[in-house]
Amino acid sequence: MEVNIENTKAQMRKGVLEFCILSILSDGEHYPSEIIEGMKESKLIVVEGTLYPLLTRLKNIGLLAYRWEESTSGPPRKYYKLTPLGEKFLKELENTWDELVEAVNKTTKKNK
Amino acid sequence: MNKTVTINIGGLVFHIEEDAFDKLSNYLKSIRNTFNNSDGKDEIMADIEARIAELLKEKLGTYRQVVLISDVSEVINIMGKPEDYSEGTTSEEKSSSEKDETNSNNTRHRVFRDQDDKVLGGVCSGISYYFGIDPIWLRIGFAIAFFCFGTGLILYIILCLVIPKAKTTAEKLEMRGEKINVDNIKKSIYEDLEDVKKKANELKNDAKEWGKNGKTNARDFGDSLGNFITTVVGGIIRVVGKIIAVIFIFIGIALIIGLLGSVLGLGNFVHMNHTVNDITTTTSFSLLDFLNVVFDGNEQITLVIIGILLTVLIPLSMLIYKGIRILFSIPRKSKIINGTAAVLFTSGILILIWVGYKVSKNFAEEANHKETITLKPFACDTLFIKAINETKYDFDNQEGYDTHITVGSWNLVNINDKKINFGYPKLDIVQNDIDSFQVVLMRSARGLTKKDAVSRAKNIEYDFTQNDSVIEFDSFYEILKDDKWRNQDLTIILKVPLNKVIYLSKSTANILFDVENVTDTYDRKMVSRRWLMGPNGLECLDCDGLKLKKKKYHSIEESIDNSLDKIDESLDKAEKKLNNY
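Chain order of the listed sequences is D and C. Residue numbering for the first sequence follows numbering that gives the first Met the number 0, starting at 0 and increasing by one per position. Residue numbering for the second sequence follows numbering that gives the first Met the number 0, starting at 0 and increasing by one per position.
None of these hints come from the bench; they were simulated from the model. Heads up, a few of these hints could be off.
[Claimed, not checked] Derived DSSO-like pairs: lysine-lysine, alpha-carbon spacing no greater than 27 Å straight-line:
{"id": "1", "chain 1": "C", "residue 1": "Lys449", "chain 2": "C", "residue 2": "Lys385"}
{"id": "2", "chain 1": "C", "residue 1": "Lys80", "chain 2": "D", "residue 2": "Lys8"}
{"id": "3", "chain 1": "C", "residue 1": "Lys40", "chain 2": "D", "residue 2": "Lys58"}
{"id": "4", "chain 1": "C", "residue 1": "Lys58", "chain 2": "D", "residue 2": "Lys39"}
{"id": "5", "chain 1": "D", "residue 1": "Lys13", "chain 2": "C", "residue 2": "Lys80"}
{"id": "6", "chain 1": "C", "residue 1": "Lys40", "chain 2": "D", "residue 2": "Lys80"}
{"id": "7", "chain 1": "C", "residue 1": "Lys28", "chain 2": "D", "residue 2": "Lys39"}
{"id": "8", "chain 1": "D", "residue 1": "Lys39", "chain 2": "C", "residue 2": "Lys40"}
{"id": "9", "chain 1": "C", "residue 1": "Lys524", "chain 2": "C", "residue 2": "Lys499"}
{"id": "10", "chain 1": "D", "residue 1": "Lys42", "chain 2": "C", "residue 2": "Lys40"}
{"id": "11", "chain 1": "C", "residue 1": "Lys40", "chain 2": "D", "residue 2": "Lys8"}
{"id": "12", "chain 1": "D", "residue 1": "Lys58", "chain 2": "C", "residue 2": "Lys80"}
{"id": "13", "chain 1": "C", "residue 1": "Lys56", "chain 2": "C", "residue 2": "Lys22"}
{"id": "14", "chain 1": "D", "residue 1": "Lys13", "chain 2": "C", "residue 2": "Lys40"}
{"id": "15", "chain 1": "D", "residue 1": "Lys39", "chain 2": "C", "residue 2": "Lys80"}
{"id": "16", "chain 1": "C", "residue 1": "Lys494", "chain 2": "C", "residue 2": "Lys385"}
{"id": "17", "chain 1": "D", "residue 1": "Lys13", "chain 2": "C", "residue 2": "Lys28"}
{"id": "18", "chain 1": "D", "residue 1": "Lys108", "chain 2": "D", "residue 2": "Lys58"}
{"id": "19", "chain 1": "C", "residue 1": "Lys565", "chain 2": "C", "residue 2": "Lys524"}
{"id": "20", "chain 1": "C", "residue 1": "Lys565", "chain 2": "C", "residue 2": "Lys576"}
{"id": "21", "chain 1": "D", "residue 1": "Lys42", "chain 2": "C", "residue 2": "Lys58"}
{"id": "22", "chain 1": "D", "residue 1": "Lys42", "chain 2": "C", "residue 2": "Lys80"}
All figures in this text were calculated on a predicted structure; none of them were measured in a lab.
Here chain D stands alone, though its shape is the one from the complex (with noise of 0.2 Å):
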């Protein structure tokens, strides 16, 4: 049953993932290579690649807001930042997740 360890870890980290992209910007405008560098300093992300899809879909979702600036070294840049809705969202998140880590680490000390 290995595959389906995988497809939980990957859905587990994807819910993650979006929680720490948002807190990551919460500190101001960044442009995706910054966010990846604070991600893979913590292992949650070790290819860019996957980044992409999550960014457009919290944008799309109106949680994101970009702006575009000239690069010197290629194309340019879109710098991400968090929209009212997204501070809120953020906001909401940090509860939740308090709560979820509390309530997880209660149920598996118990168990174990």
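Knowing the structure of chain D, use the given hints to seat chain C on it.
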């Protein structure tokens, strides 16, 4: 030294080596496939391409100009493999994209034209990959086939059209995939057999269950039976399809060789050998000989040949084309080929119709040319009629084969490479109203105009000789070499005065044609007898005691009568034998 390609990624221009380009474009393609079902696919792709451009630019720095395959590999490592991308999409999409991946990774083997190792179109090289043989053998084969009246060329063109080029790396890998050799065929057959065995076992188990549990498992049993039948029938259809495809290809090639051979006049359409008096003569005719008989001038013959080639070659080529597609499971890419074939075929038919119309106009008018010759008086009271040169063109060969070819009333014989047009005259015998023997030669032919027809009729060469009371008719008439077949015909009318006697020698049997007589005797039974021209027509003088058959116009009745005679004869013989014992 390597070839480079110029590409535009995220608005920047890059020079990239060909292999690196293949790798990159395959990479982008498979990523695109991963996002197939997500919204904003184009935007995601644009973002990714922009990032790749940025990374490549970083890699190149300021002094390097060309992107290498190692750069692409590094970029792919940073960006992640296609399967990593699916993490950003939903799990269902992931599993489906994984499935695609395994499908394309499976050693699927397809035939492509090899663009890396090609002489002309890469056909031989590609096919040899498919069968795991050295391309040199195929190349030699095609070179030989090229000299079979260009059949190799036609086949090569068809293959070029039907087999796609191996453009991407994936296609190249598919082209080079697992070789089709005996071991692999055996393996795949075993796999198929295992499948069938498995299905058969399921079937058996279900049948047992059915027996135990009665009707409850009837549906299960039906399902497995259905599965089993589908597997077996599917397998059989696939195998039969391939066999039919091979047959298609072979028939097509054989017919093309034959057709081109006969059209180009190198091969013989009809070939006959015959031996006369220990001398063997070879008679052969090419299609061109046939065409020369009917068609007027090189222009018409060229058109007819083009017409025939189009109406026959195109369907044959399509036969081969379809066969190859079935054999190598190549999907149809466009309708252009079918459309072109249909247009060419139709134009071939139209050309033939047009030439046919032109030729038919040459048959518009009929004309007769009548020549009357009065025979010299002779002492004897009986005129002896003979036919000569019976075996001049109709060789008496033991094999019983014809020595000539016939188009309508036209016959063509080829003796020692000399082609002669000839026909069979018809001899009729009627009463003359003046007191002398006369021979009338009625020559007839058709033509564009009356004048044309008359001059053609006059070209019928015929001769007879009178030697005192003996008259000798030639068994054949000839037509000038350059004349075309326009329904030429020759009737000889022998006019016999009242109360004169003629003797029909045995040799005239072949030229007598429907001669009227009072006893209605068949032409062939009239020979070797003396006939008197009475007031009512010819009367037999020495037929006493002979059973004379009623004249019949239907050959079936004639043959029945003949057989009855034979039966009578054999009955008589049998009776005699019986009496002897």
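Enumerated hints in conflict with the structure, sorted upward = Structure breaks hints 1, 18.
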